[in-house]
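Here is what each chain is made of, one letter per residue.
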Amino acid sequence: MEHLPILQVVIPLVLAPLCLLLVRQAWLIALVGSVSSLVCATFLLAGILENGSSNYYVGGWEPPWGIALSLDIVGGFIVLLVSLIATLVVAWAHHSIEDEIRDDQVNLFWCMFMLCLTGSFGIVVTGDAFNIFVFLEVSSLSTYTMIALGKDRRALTASFQYLVMGTVGATFILIAVGLLYMMTGTLNMADLAERLPALRDTSTVRAAFAFLTVGVSLKIALFPLHQWLPNAYTFAPSAVTAFLAATATKVSLYVLLRFFYTVFGADFVFDELHVDYLLLPLSLLAIFIASTVAVYQEDLKRILAYSSVAQIGYLTLGIALANSKGLTATIVHMFNHGLIKGGLFLAVGGICLRLGSTRLSDLKGAGRAMPWTMGAIVIGGCSLIGIPLTVGFISKWYLIIAALEAQMWYIAVAIVIASMIAVAYVWRIVETLYFQEGETTFREVPLYMLLPTWILIVLLVWLGVDTDLTVGIAERAAQSLLGIQL
Amino acid sequence: MSWLVHYNYWIVIVLMMIGLYLVMARHILPRKIIGLNVFQTSVFVLFISMGAVNDASAPILAEGITQYANPLPHVLILTAIVVGVSTTSLALALIVRINEAYGTIDEERIHQIDEED
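Here the protein sequences come in this chain order: P and F. Residues are numbered in my numbering as their position in the first sequence, beginning at 1, plus a constant of 20. Residues are numbered in my numbering as their position in the second sequence, beginning at 1, plus a constant of 48.
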């Protein structure tokens, strides 16, 4: 049991080359990998909830000599989200990937998927600042490859654009790690947190903070650094879009949370440097501009991609409010948005498989032909808006409470207005699916593809009604990040 | 001339700016990648500079050597170089595929082709 944190990373890492060797069983190997990491993550989170955190020294070498893996509650929560989404996406994707990717590349795809999973877990579990850079690049490089495998040739340019921006972002993080090492002589995050307070007035530490914030913001696609996201989500294979939209930005956001709260400390970030002054307007711009742009898109995947940019705005808004309720809202929304976007993009992937297109003009009246898939889209859409009884409502409820607690009532008003814009783009989808006449000769997708989609949809309704589980964990996570004793 | 003492950091800044400028301003894709490489190299120089110790030798165990440079940044940069090489090779592979699909490696031309579709 004590080896769970490293197993989380090692299982997918070892299975990745196996996918290369066993060409025909690649999908099965990926499924085994993601299911076992889900089991691992469940035990890990249970252990963390009991003990408060989990520390592991790789190879038995204690820091400062060895590399420590350290996980707090947020980390355990994110690992659970990533492995849950990975399991459902892999179970769902068997047919979809064979349809969208050339036969001789299918096993290579699964190899990349396993590496991406390795990288994502690695970023979260590690307690070493340089490791974050390395794992970030492991997951990014495999992501670029997976995006480039999309059917449309624009997938190639989307992947290239993401590669350039992602590499600049990762290199910024590397610069920040270098500057921090220069000042403190350590890469261990716990040691960094100990030694930084004495050095916080130096321009080197402040430069490191700036490089880090910009670099990570590029990876989480915070407005206006989001240009890579819409194309990447639109042209990547459906399974990749579902996985990325649900997990990639959350993992990067976790890096930001970790550095903001545990390494630099909330008082430095908010009271001294006032990052919230910058983060707040950018989040609001993200929410309003991206939601508005989403209304005018002609492609279902692209609507959801822009909606993702807007949702990232909600995530950073919670951080920018700089109180514990806001942080709770961010953490709970990281999980909730993962469920929503995962479910939506899986449903969209089903459409892609049957129709070969996700343009709204091709989807007229499709709601009658594929009732289950389209039903999933409608419920997911409601959750994006934030209608009560769905998880989207819970996230927005906590955000509004946090805004009122920070005595910024205009933020609460802005959240409500932004939800109205979300109504507009979701209604456009619903109207096309149900109220327009069109070809409806295609069939519903098979049951094994509906099942993962509906597991997510049921989860997002269930967790929208019974909020104790997610909100409870998020509250504890926020308190542990802020250093409030329970 | 006190600001020249740390001339290696000035080189880092100049290289970094040249690299970022190339990434943003060039629209022939391989040139962007060259810019990205220059940018990454500047960071390598930054790391190596900070491991340096005045009048010290390389971190090799040998007789008569008491002062040696901090080897940890070297190790980190070895890793970062590997990452940089794989990023470059992936980018070049993508450019080859883009050239096959579009018949050009000029970003502006690619945008034109995409808009015509």
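In case anyone wonders, no lab produced these hints; they're calculated from the structure. Be a bit skeptical, because a hint or two may be false.
[What the hints assert, rightly or not] Pairwise CB distance ranges (calculated): (1) P:Tyr-77 with F:Asn-118: 17 to 25 Å; (2) F:Val-133 with P:Pro-466: 21 to 29 Å; (3) F:Ile-108 with P:Val-52: 21 to 29 Å; (4) F:Val-53 with P:Asp-124: 35 to 43 Å; (5) P:Val-52 with F:Met-65: 30 to 38 Å; (6) F:Arg-79 with P:Ala-210: 25 to 33 Å; (7) P:Val-59 with F:Thr-127: 44 to 52 Å; (8) P:Pro-408 with F:Ile-61: 27 to 35 Å; (9) P:Glu-22 with F:Tyr-69: 33 to 41 Å; (10) P:Leu-48 with F:Val-133: 47 to 55 Å; (11) P:Gly-80 with F:Ala-104: 28 to 36 Å.
[To be verified] If you want the footprint, here are the derived chain F segments under chain P, 3+ residues with CB under 8 Å: (12) 66-79; (13) 103-112; (14) 124-130; (15) 137-145.
[To be verified] Examples of chain P residues lying across from chain F (beta carbon under 7 Å, computed): (16) Glu-157; (17) Leu-176; (18) Thr-177; (19) Ser-179; (20) Phe-180; (21) Gly-198; (22) Met-203; (23) Thr-204; (24) Leu-471; (25) Trp-474.
On a predicted model such as this, the values are computed, not experimentally measured, just so you know. Cβ coordinates follow ideal geometry from the N, Cα and C atoms, glycine included.
Now the hints, each set against the structure:
no. : hint                                 : in the structure
1   : P:Tyr-77 with F:Asn-118: 17 to 25 Å  : holds (23 Å)
2   : F:Val-133 with P:Pro-466: 21 to 29 Å : violated (43 Å)
3   : F:Ile-108 with P:Val-52: 21 to 29 Å  : violated (46 Å)
4   : F:Val-53 with P:Asp-124: 35 to 43 Å  : violated (58 Å)
5   : P:Val-52 with F:Met-65: 30 to 38 Å   : violated (48 Å)
6   : F:Arg-79 with P:Ala-210: 25 to 33 Å  : violated (43 Å)
7   : P:Val-59 with F:Thr-127: 44 to 52 Å  : violated (31 Å)
8   : P:Pro-408 with F:Ile-61: 27 to 35 Å  : violated (53 Å)
9   : P:Glu-22 with F:Tyr-69: 33 to 41 Å   : violated (50 Å)
10  : P:Leu-48 with F:Val-133: 47 to 55 Å  : violated (33 Å)
11  : P:Gly-80 with F:Ala-104: 28 to 36 Å  : holds (32 Å)
12  : 66-79                                : holds (count 3)
13  : 103-112                              : violated (count 0)
14  : 124-130                              : holds (count 3)
15  : 137-145                              : holds (count 5)
16  : Glu-157                              : holds (5 Å)
17  : Leu-176                              : holds (5 Å)
18  : Thr-177                              : holds (6 Å)
19  : Ser-179                              : holds (6 Å)
20  : Phe-180                              : holds (5 Å)
21  : Gly-198                              : holds (5 Å)
22  : Met-203                              : violated (10 Å)
23  : Thr-204                              : violated (12 Å)
24  : Leu-471                              : violated (35 Å)
25  : Trp-474                              : violated (35 Å)
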